[in-house]
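Asker: Each protein sequence line maps, in turn, to chains F and D. Going by my numbering, the first sequence opens with residue 1, and the numbers climb by one from there. Going by my numbering, the second sequence opens with residue 1, and the numbers climb by one from there.
Treat the hints loosely; a few may be bogus.
Claimed, not checked - Straight-line C-alpha distance at most 27 Å; calculated DSS-like pairs for lysine-lysine: (1) K161/D / K95/F; (2) K62/F / K171/F; (3) K161/D / K62/F; (4) K92/F / K103/D; (5) K76/D / K201/F; (6) K171/F / K127/D; (7) K127/D / K256/F; (8) K59/F / K161/D; (9) K92/F / K171/F; (10) K127/D / K231/F; (11) K161/D / K40/D; (12) K43/D / K169/D; (13) K103/D / K55/F; (14) K76/D / K171/F; (15) K171/F / K201/F; (16) K62/F / K95/F; (17) K161/D / K43/D; (18) K127/D / K103/D; (19) K59/F / K169/D; (20) K201/F / K231/F; (21) K103/D / K68/D; (22) K68/D / K62/F; (23) K59/F / K92/F; (24) K95/F / K103/D; (25) K43/D / K201/F; (26) K55/F / K161/D; (27) K231/F / K27/D; (28) K76/D / K169/D; (29) K40/D / K127/D; (30) K201/F / K127/D.
To be verified - Short derived list, chain F residues pointing at chain D, Cβ under 8 Å: (31) S57; (32) G139; (33) T175; (34) A225; (35) D261.
Please keep in mind that the hints were generated in silico from the structure rather than gathered at the bench. Glycine residues also receive a C-beta, built at the ideal position from the N, C-alpha and C atoms.
One-letter residues, chain by chain:
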Amino acid sequence: MKKLIVLLLALAMVGAVSAQVTTSIGLYGEVTFINQAGNAVFTDYGAGWDTLTFKGSDKDSKYGFSATYNNVLDTATVFGGVRDWNVWAKGKFTKVFLGKLRNADFRMTLPYWAGATVFGGTDRITGYGVLVETLPMNGLTFGVNLPIGTTADTLVNVLQKSDVGLKYDVKGFGTLIALANLDLVTPSNVVNVGFKYTGMKNLTAVVIGQAKFDANTYKAGLGFAYSGIDKLAANLEAAVTSTAGTLAYSVWAQGKYSVTDQVSATVGGSYADTGYDAYAAVGYDYGNGLSSEAKVGFDGAVYGALTLYYGVSF
Amino acid sequence: MKTIANAIGWIIIICALFIISGCASIKPFDSSLPLLTISKAEKEDLRGFGNTFDTNPYIEPSSLIRGKLNEFFVIKLEFNLPQNSRIHIIAEGNTNEGVISAKAYDMYALEDFWNSVTYRESENDAKFQLRISNIKRSCIPSFSFEQNAGQSVLFFPFIGKNPIPRPSKIYVQVVVENLQSYNFEYLLN
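When you get a sec, could you build the whole thing from the sequences and use the hints?
Answerer: Encoded structure:
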């Protein structure tokens, strides 16, 4: 473990001595002293959260690379595996990525958290492939990904599985995205759309939708984040899904008041087809990614939790 | 099903009210004010975006080990336009020897900058989302763009290595097409 930490720190310092290459290690998790069942548990978020990322580019940002390992503290696999990597180059009109992609340029999520409701975010472009994006022109960006995998496939099949994305920034109003994850072979086509309204100071409103026609699955989500009242951050997010005609829904709202820079008070609640939850919490931010929270709630029974969160980037 | 439809209906109404109130908040042209004021953005100008770089795109990022790698110098543009106007901006940050010491960033470049220094699953992070929204609503969209009539404020940062070499001259020229040209100079000592 000590060797691992030394290695991580050494890698971080690579970024410190090089102006063009940056290295980052992010560790995230929580230690719950008392959970809803009255037990204590240490939860490292692991896959997707504990990451080691290398990023680099030339001084004019014309070309570069990115590679991310995840689950870096998994003692069984050590560094988990390469979650995603890409090399990219930017020309006068286009930007090209190739590698094992995890690209969110045509993705949209609800303002607070994609996981707060039953549908909180549209799809990314993922997997091996070559993604070509136009650079924004009058707010319009267009992208096509050819998912050329590590298993040989006919070019016709690759074309039939391509991803087509569009993003349009309307100045002073908002952003529209659309992403078609095509798969005419299986078939398994997915269409994602989203709109984010940023035309008003302190308010962000997002509406997203997803249609998986072949799976007969449809999803929609709506979210607001409002910070126009001094020291209060208010969020409302709602989503509904239909899977082969079976509906699921959830609505979540939260108000977080910053008593001081360190201390916050939160009240919130959610209502879904699967149940409900109402909670209140007091949080303390120690800075540098360390914070704690004492929470009480009612989801059919009274519960309480005392948790220490860590989220540290080196 | 009826309950869900009602809920969606209410949400759409609330959304429409927010949008209408947002559109109505644009101040009209005031002939007693200059068409454009260029200045160095002060802390008070940027406080509304948050107190830390978590949400405020105009505050330099820093990490636990490497500290602050960049220095920002943020420009504030206060428009007071009688009509929709085409805006052209020339922005340079040079040392006395003419070497580039800081580069001006528009909305897309600033988004790219934050993406390049953010390692957490950015689109799943509420604070990152708010930072990007703050860029969208406040940063110049490019160095040549159409600006609506009335009073509005936009920002853009010069970004250099920390510290930006001293002395350096920050120079901004803004042309309001068919109306007037404005200059701003600031010496970083």
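Asker: Could you run down the list of hints and mark each one as holding or not?
Answerer: Hints, one by one, checked against the model:
A hinted pair counts as satisfied when its Cα atoms are at most 27 Å apart, and K161/D with K95/F qualifies at roughly 25 Å. Between K62/F and K171/F the CA atoms are separated by roughly 25 Å; this keeps the pair inside 27 Å, and the hint holds. Our distance criterion of 27 Å between C-alpha atoms is met by K161/D and K62/F, whose separation comes to about 18 Å. Straight-line distance between C-alpha atoms of K92/F and K103/D comes to about 18 Å, which keeps the hinted pair within the 27 Å bound.
Only pairs whose Cα atoms come within 27 Å are accepted, and K76/D paired with K201/F is accepted, the gap being roughly 16 Å. Of the pairs offered as hints, the one joining K171/F and K127/D holds, with about 22 Å between alpha carbons and a cut-off of 27 Å not exceeded. Of the pairs offered as hints, the one joining K127/D and K256/F holds, with about 13 Å between alpha carbons and a cut-off of 27 Å not exceeded. Restraint check: the Cα-Cα separation between K59/F and K161/D comes to about 11 Å, which is no more than 27 Å; the hinted pair holds.
For a cut-off of 27 Å, the pair hint linking K92/F to K171/F stands: about 22 Å separates their Cα positions. With a CA separation close to 15 Å, the supplied pair K127/D and K231/F stays within the 27 Å bound. Under the criterion of a C-alpha separation no larger than 27 Å, the hint pairing K161/D with K40/D is consistent with the structure, at around 19 Å. Of the supplied pair hints, the one linking K43/D and K169/D holds, its CA atoms being roughly 21 Å apart against a limit of 27 Å.
For a cut-off of 27 Å, the pair hint linking K103/D to K55/F stands: about 20 Å separates their Cα positions. A distance of roughly 17 Å separates the Cα atoms of K76/D and K171/F; the hinted pair therefore holds under the 27 Å criterion. At roughly 14 Å between alpha-carbon atoms, K171/F and K201/F fall within 27 Å of each other, so this suggested pair holds. Under the criterion of a C-alpha separation no larger than 27 Å, the hint pairing K62/F with K95/F is consistent with the structure, at around 9 Å.
For the hint linking K161/D to K43/D, the alpha-carbon distance of about 20 Å falls within 27 Å, and the restraint holds. Distance check on the hinted pair: K127/D and K103/D sit about 25 Å apart at the alpha-carbon level, within 27 Å; holds. In summary, the hint linking K59/F to K169/D is supported, as the alpha carbons are separated by about 20 Å, within the 27 Å threshold. For the hint pairing K201/F with K231/F, the CA-to-CA distance comes to about 15 Å; that is within 27 Å, so the pair holds.
A hinted pair counts as satisfied when its Cα atoms are at most 27 Å apart, and K103/D with K68/D qualifies at roughly 17 Å. For the hint pairing K68/D with K62/F, the CA-to-CA distance comes to about 23 Å; that is within 27 Å, so the pair holds. Using a Cα cut-off of 27 Å, the hinted pair K59/F and K92/F holds, with the two alpha carbons roughly 16 Å apart. Taken as a hint, the K95/F and K103/D pair is honoured in the structure, with Cα atoms around 21 Å apart against an allowance of 27 Å.
Pair hint K43/D plus K201/F holds up; C-alpha atoms about 17 Å apart against a cutoff of 27 Å. Among the hinted pairs, K55/F with K161/D is consistent with the structure: their alpha-carbon atoms are about 17 Å apart, no more than 27 Å. For the suggested pair K231/F and K27/D, the alpha carbons sit about 25 Å apart, so the restraint of at most 27 Å is met. For the suggested pair K76/D and K169/D, the alpha carbons sit about 16 Å apart, so the restraint of at most 27 Å is met.
Restraint check for K40/D and K127/D: satisfied, since their Cα atoms lie roughly 25 Å apart, inside the 27 Å limit. For the proposed pair K201/F and K127/D, the alpha carbon gap of about 16 Å is at most 27 Å, so the pair holds. Against a cut-off of 8 Å between C-beta atoms, the interface hint on S57/F holds, since the closest Cβ of chain D lies about 7 Å away. Taking 8 Å as the C-beta cut-off, the interface hint given for G139/F holds, the closest approach to chain D being about 7 Å.
This hint holds: T175/F has a C-beta 6 Å from the nearest C-beta of chain D, less than the 8 Å allowed. Residue-level restraint check for A225/F holds (minimum Cβ-Cβ distance to chain D is 7 Å; threshold 8 Å). The criterion of a C-beta within 8 Å of any C-beta in chain D is met by D261/F, whose closest approach is roughly 7 Å, and the hint holds.
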